[in-house]
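So the sequence lines, in the order shown, correspond to chains A and B. The numbering of the first sequence is the numbering used here, which starts it at 494 and goes up by one. The numbering of the second sequence is the numbering used here, which starts it at 3 and goes up by one.
Hints were generated in silico from the structure; no laboratory data involved. Note that the coordinates shown come from a computational prediction; the quantities given were computed from them, not determined experimentally. Each hint should be verified, as a subset may be incorrect.
List of simulated lysine-lysine pairs, PhoX-like, C-alpha gap at most 20 Å [what the hints assert, rightly or not]:
id, chain 1, residue 1, chain 2, residue 2
1, B, Lys47, A, Lys792
2, A, Lys759, A, Lys858
3, B, Lys327, A, Lys716
4, A, Lys825, A, Lys858
5, A, Lys781, A, Lys716
6, A, Lys794, A, Lys575
7, A, Lys794, B, Lys327
8, B, Lys47, B, Lys109
Where chain A lies over chain B, by a calculated footprint (3+ residues, C-beta under 8 Å) [as the list claims (entries may be wrong)]:
id, region
9, 13-23
10, 101-115
11, 156-163
12, 282-290
Yeah, the Cβ is synthetic: ideal placement off N, Cα and C, and Gly gets one too.
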Amino acid sequence: MEDIKRRLCDIVGERFVSDRAEELFFYGRDPGLMPPHSPDFVALPGTVEEVREIVKLAFREGVPVVPMGAGMTLTGLCIPRKGGIVLDMKRMNRILEVNDRARYTIVEGGTPTGALKAYLDAHHPRLRFSIPDSPAATTIAANVMIHGQGRLTQQYGFNSDMVTGLEVVLPTGDVARIGSCSLSPDWFSKGAPLPDLSGLFLGWLGTTGVITKVGLKLYPRKKMREVEIFITDSPDFIPDIIYEITHTEMTEDINIFAQPLPLIFKDNHHVVVYFTGDTDEELEFKKKSVFHALDRFIKNKDGGFMTVGPGMKQSLLDMPQRSASTFADVTKGGGFEYSGPIILVEKYPQCSRKLDELAEKYDLKYHATARIIGRGHAMMFAFSFTFNRADEDMMDRVRAALREASEFALSAGGVFWKPTVDEQRRLLQAMDPVTRRLMQMIKRNLDPSGIMNPGNWEVP
Amino acid sequence: MSEAGSMFTLQFDEAICASCPSGACLVKCQYLEADREQAKREMLKIFRGEDSRVLQECVTCYACEEYCKRGNHPFYLITQRREEKGILTAPRAITRQWINIGEPRGKYEVGEIKERALSFGFMPQFKDIVKGKLFEDVMPGYFFGQEYFCNVVYIHFANTAVIKERLPRVIRNIQELGVKEVVFMHDECYAAFSSLAPAFGMEVPFKPIHYFEYLYQRLEGLRGDIRPLHIRVAYQRPCSNRLCPRTHRWVPKILDLIGAELVTRTYQDENALCCGSIFRAMYGYDLAADVQARNIEDIVKSGAEYCVFNCHGCQNALSDRLARKGVRPIHMVELCRMAIGENPGFEVP
Chain A
494 MEDIKRRLCD IVGERFVSDR AEELFFYGRD PGLMPPHSPD FVALPGTVEE
544 VREIVKLAFR EGVPVVPMGA GMTLTGLCIP RKGGIVLDMK RMNRILEVND
594 RARYTIVEGG TPTGALKAYL DAHHPRLRFS IPDSPAATTI AANVMIHGQG
644 RLTQQYGFNS DMVTGLEVVL PTGDVARIGS CSLSPDWFSK GAPLPDLSGL
694 FLGWLGTTGV ITKVGLKLYP RKKMREVEIF ITDSPDFIPD IIYEITHTEM
744 TEDINIFAQP LPLIFKDNHH VVVYFTGDTD EELEFKKKSV FHALDRFIKN
794 KDGGFMTVGP GMKQSLLDMP QRSASTFADV TKGGGFEYSG PIILVEKYPQ
844 CSRKLDELAE KYDLKYHATA RIIGRGHAMM FAFSFTFNRA DEDMMDRVRA
894 ALREASEFAL SAGGVFWKPT VDEQRRLLQA MDPVTRRLMQ MIKRNLDPSG
944 IMNPGNWEVP
Chain B
3 MSEAGSMFTL QFDEAICASC PSGACLVKCQ YLEADREQAK REMLKIFRGE
53 DSRVLQECVT CYACEEYCKR GNHPFYLITQ RREEKGILTA PRAITRQWIN
103 IGEPRGKYEV GEIKERALSF GFMPQFKDIV KGKLFEDVMP GYFFGQEYFC
153 NVVYIHFANT AVIKERLPRV IRNIQELGVK EVVFMHDECY AAFSSLAPAF
203 GMEVPFKPIH YFEYLYQRLE GLRGDIRPLH IRVAYQRPCS NRLCPRTHRW
253 VPKILDLIGA ELVTRTYQDE NALCCGSIFR AMYGYDLAAD VQARNIEDIV
303 KSGAEYCVFN CHGCQNALSD RLARKGVRPI HMVELCRMAI GENPGFEVP
């Protein structure tokens, strides 16, 4: 072990290696409910070459490597379940290029979403990207790698669909370029017209390589942004409401939320609809289209647009939103976790009722959120619970509720998003056997010695 | 409705309606078409519990309460009959949301509550503007929270049951503070105790004072501090002021005192237009958009530099669009504070 530490120091410098207990303590856990497990070392590489050298060292020595962005997944994906080296990518945070005509950017693998946002605000105010609602420290590479979603997901799909190219250090230490950048200086496509090899890395939770560069699509940023909330008293109306709104193709993001507190939100389901425009007229036309699309619900008294006060409006327009942090402290003690399956929008009523049932059964404070993906192709439905970290019993109840929520989601045709290790196992068990075998072939070929984030996506 | 709630019945006199020489309640209505005879006929049908198109078409602008100079409460009657017939004005979710918001949980008193105190209703945000010399003689001494909330808004939703249930308790809560006079910072609250409660036979054991009257008296006392503003202002009159129309006379008096010129508009005084906020929530896009567009165009055309608001709801609904058209939104309290040289919280040109 001393030898590995010395060699890590040789690669990245002594300052960027640690095996001190207090640091390993933090790198051994995330803010969620998964049990902790300490790494043996933490290393912070500053270049692709350093990442290569570390991975080659790990490959030679058979030591696990766990790539880490900001460690915000809540599902334990960066917890080094078998020890080894946590590869903290935060030093690789440079924005390498913005092509404002082709609307894409190339960033290093540890670049936080907040840094890209700030950079675009300052230098390219007519461009934006799909900002997720996770904290601004979340890295772009980790977000696309877990198939994250953001403000533009309703329009353009998962954030991973917006990738235009990758640079990946393979488990052998080789550096692979994925997409147009493999044969051109231009990072305009992650696959087409070539075979799309990005699928070997996106969604694999760091088990097939370390992403060191990401090409990401940028989109027009309009001058104005607005929000409206349509409310209804029954979850049964939600699928039709979403269908009608998405049919207009006039909106930016669409979220849904339901929660019993504060009282203003009790008993109703809230469809939060975002609009953008360069002029009052453009904005008004879009709003009008959406309002009219929902006329029949208003006429039948099944739903209406609520008044959104300036405080609530500002909070909803924030990117990222801070509501999750507020919710996390409802029970005091700062705990928050959710099971967020990707599932059809038509399953919203069942998901909502299941969440009510679980909250009552386990006596928990809850919050339902859904984000529409694509034009209603699917949604991420979050079964969210808040808990007190000092209350073991409450944490156990949350674990049990989340387990039941996951079982329900799978039985209802959903697929877990950023699954815990346990959920990964359940997915693999339920999966079509040929698909499972294909995953096994890929994993074994890319990571023959099983050093990459072991414990995750371990296909039996 | 609870047993207590069912005790309160609307004081509506059929004879007053039958002998009405004008039918003004509906003849003047900006949203319904009716001549004098039709107006009387429809109101009597409503009184007798018969079906009337008015029950379907009324948009709840409250204006008929003002148009009826004989104090017969046509809007309260429409509301009550709608409720009895189960005619929903708003989507269920909107009504439910408002009922939940006002659920009587929360009762806050700040400072020393003396015989005269301020009521912020359930809008603590008033603390951001209610300050300075104008309020020196009562502040800090105010109360707010759902248990002091007037609940009048539910007449928009044809739901007097909630009001009958909650308002007597609110009256009791205020009485228990030992106040003799209450200055209400929102005219819907003032109307609750000066109009609605008496109309339903509820006794009010304190004197409600509208904040316009209070402001005028304070400004009179501070005449020496007033620096005439020399600005042109338009006034956005809210629906709630229709329930206490006598307080409207304070607007020109206050503006005159502080040297602000009240511009002439098409939509002012009895002809004022709704901010559209409630229309939007209840009926969707078209009515609200039409009313807001006409209203804003009228304000802009009037040449006003400022639009003065009495109600936060109106201010929220219209501020952004007015500001983008070069008209500065401001609350009446902020304008008065500006006139005595206080900073209303934003840069004054």
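Each hint tested on the structure:
no. : hint                : verdict
1   : B:Lys47 - A:Lys792  : violated, 25 Å
2   : A:Lys759 - A:Lys858 : holds, 13 Å
3   : B:Lys327 - A:Lys716 : holds, 16 Å
4   : A:Lys825 - A:Lys858 : holds, 11 Å
5   : A:Lys781 - A:Lys716 : holds, 19 Å
6   : A:Lys794 - A:Lys575 : violated, 56 Å
7   : A:Lys794 - B:Lys327 : violated, 34 Å
8   : B:Lys47 - B:Lys109  : violated, 42 Å
9   : 13-23               : violated (count 0)
10  : 101-115             : holds (count 4)
11  : 156-163             : violated (count 0)
12  : 282-290             : holds (count 6)
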